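Number of protein chains: 2
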Amino acid sequence: MNDSERHINRAMLPEPTLRRLPWYLAYLKMLDLKHQEHVSSTQIAKSLNVDASQIAKDLSFLNIKGKTRIGYEVHPLTRALTEFLGFKHRHNAFLIGAGSLGSALMRDLGLMQFGLNIVAAFDIDPHIIGSAVGDIPIYDLAQLAQQQHSSGVSIAIVAVPPESAQDVANTLVASNIKAIWNFTPFRIKVPRHVVVQNTSIYSDLALMYNNMEVNVNNKNNIAK
Amino acid sequence: MNDSERHINRAMLPEPTLRRLPWYLAYLKMLDLKHQEHVSSTQIAKSLNVDASQIAKDLSFLNIKGKTRIGYEVHPLTRALTEFLGFKHRHNAFLIGAGSLGSALMRDLGLMQFGLNIVAAFDIDPHIIGSAVGDIPIYDLAQLAQQQHSSGVSIAIVAVPPESAQDVANTLVASNIKAIWNFTPFRIKVPRHVVVQNTSIYSDLALMYNNMEVNVNNKNNIAK
Numbered sequence: 067m068n069d070s071e072r073h074i075n076r077a078m079l080p081e082p083t084l085r086r087l088p089w090y091l092a093y094l095k096m097l098d099l100k101h102q103e104h105v106s107s108t109q110i111a112k113s114l115n116v117d118a119s120q121i122a123k124d125l126s127f128l129n130i131k132g133k134t135r136i137g138y139e140v141h142p143l144t145r146a147l148t149e150f151l152g153f154k155h156r157h158n159a160f161l162i163g164a165g166s167l168g169s170a171l172m173r174d175l176g177l178m179q180f181g182l183n184i185v186a187a188f189d190i191d192p193h194i195i196g197s198a199v200g201d202i203p204i205y206d207l208a209q210l211a212q213q214q215h216s217s218g219v220s221i222a223i224v225a226v227p228p229e230s231a232q233d234v235a236n237t238l239v240a241s242n243i244k245a246i247w248n249f250t251p252f253r254i255k256v257p258r259h260v261v262v263q264n265t266s267i268y269s270d271l272a273l274m275y276n277n278m279e280v281n282v283n284n285k286n287n288i289a290k
Numbered sequence: 067m068n069d070s071e072r073h074i075n076r077a078m079l080p081e082p083t084l085r086r087l088p089w090y091l092a093y094l095k096m097l098d099l100k101h102q103e104h105v106s107s108t109q110i111a112k113s114l115n116v117d118a119s120q121i122a123k124d125l126s127f128l129n130i131k132g133k134t135r136i137g138y139e140v141h142p143l144t145r146a147l148t149e150f151l152g153f154k155h156r157h158n159a160f161l162i163g164a165g166s167l168g169s170a171l172m173r174d175l176g177l178m179q180f181g182l183n184i185v186a187a188f189d190i191d192p193h194i195i196g197s198a199v200g201d202i203p204i205y206d207l208a209q210l211a212q213q214q215h216s217s218g219v220s221i222a223i224v225a226v227p228p229e230s231a232q233d234v235a236n237t238l239v240a241s242n243i244k245a246i247w248n249f250t251p252f253r254i255k256v257p258r259h260v261v262v263q264n265t266s267i268y269s270d271l272a273l274m275y276n277n278m279e280v281n282v283n284n285k286n287n288i289a290k
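Residue numbers (the numbering used here), protein chains in the order written: chain E, 67 to 290; chain Z, 67 to 290.
One chain only, chain E, in its complex shape (with noise of 0.2 Å):
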């Protein structure tokens, strides 16, 4: 089914809801892989620290509702989700920035479970420039727009220094990107028909540091 089909309307839907429906996906998928039927708003919300109010509301909003004593059947919602979080097509997207993570990003085949496919990706290093990692070829930026007519690709992901974030996003808007899943800590500007998704992993180290500092002195004030 597609959305107007389900009636959903994807600008309603809030990123805080669409955040959690990804948890609800990976713990339904175990449950199906245990051959467990159906699963009650309470079991998820007790297994994912999740209110179970706040569950049966994120399902509301794919119109999705379960029964009562009965719960959710595990293996349509599963497929449900599956398909409206948009991991089931197929989306073809350019790399930018072979180095280390971006040459990592190219050899993590989970994002291909996740529906997103890397055909081909781009840098500026003579050096890696003609090579590939695994199947995918890895091409002089400076074809990029080339390559995107040629190809449709509307979807790149820069993987570049954060120095050079801001100028790739220049190009890749001119070349008719049409989202950005951008991994470097650069806030990038863009027009507002071009979508950028930031993907800061290093951040999130920052934050389990600062955690584990709070542990610290927390275990340090108590021992005074």
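Keep in mind that a hint or two might mislead.
Unchecked claim - In silico EDC-like cross-links for lysine to aspartate or glutamate, where the CA-CA straight-line distance does not exceed 16 Å:
id, chain 1, residue 1, chain 2, residue 2
1, Z, K100, E, E229
2, E, K100, Z, E229
3, Z, K255, E, D117
4, E, K255, Z, D117
5, E, K100, E, E139
6, E, K154, Z, E279
7, Z, K95, E, E229
Unchecked claim - Quick look at which bits of chain E chain Z covers, simulated, 3 or more residues with Cβ under 8 Å:
id, region
8, 81-92
9, 142-154
10, 170-184
11, 239-251
12, 264-275
Derived by calculation from the structure, the hints in this document are not laboratory data.
Please read these numbers as outputs of a predicted model, since none were measured by experiment.
Think of the CB as a built atom: it goes at the ideal place given N, C-alpha and C, for glycine as much as any other residue.
Chain Z: place on chain E using the hints.
Coordinates of chain Z only, in the frame set by chain E:
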């Protein structure tokens, strides 16, 4: 300078502030490369789409103040942020699950720049146990407690299939691990003294897909 010399209470630091600090750092590093000596909060604000007053407030948590008309000194501020965010120290870590994403993380030298040093990986697959990715050996997960005991490592990166995440987390907690960087979409449960940092790159992918759909729908509505 350490936290108490700076009079910083990390427990009081709001998470949004902590998430913005690495943006400032990325931007300052770029200015530093260009040999710019001073920067105003207005200039940072314009480049990063963050309110100038917010920037001043965020930096004041670190007891850093700009000077009237001159602004912040780029190089010292870069150093103070790097230090404060924990990127300057070396944090040794174990990686659990040397599959696709896991071995990608083992190859990401960027992590090292941000202070994270993966010293060993663990898996349950007999085909890869005993091998290595780069310099990093892959051990049997059953050896975890013993390796933790001899190395004192307190951070573990979890990149296993989501259905194994909770079992692995339990093993980690029992093996004296104090912080878990969870790359699975499964919400693991741990005792309060253990830090969990979740990084869900596939949730970000779902957000990007959704925003792309919203943009397409908007365009179609305008065209109607």
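Margin query: Let me make sure I understand: some of the numbered hints might not hold for this structure. Which ones are they, in numerical order?
Written below: Checked against the structure, no hint fails, so every one of them is satisfied.
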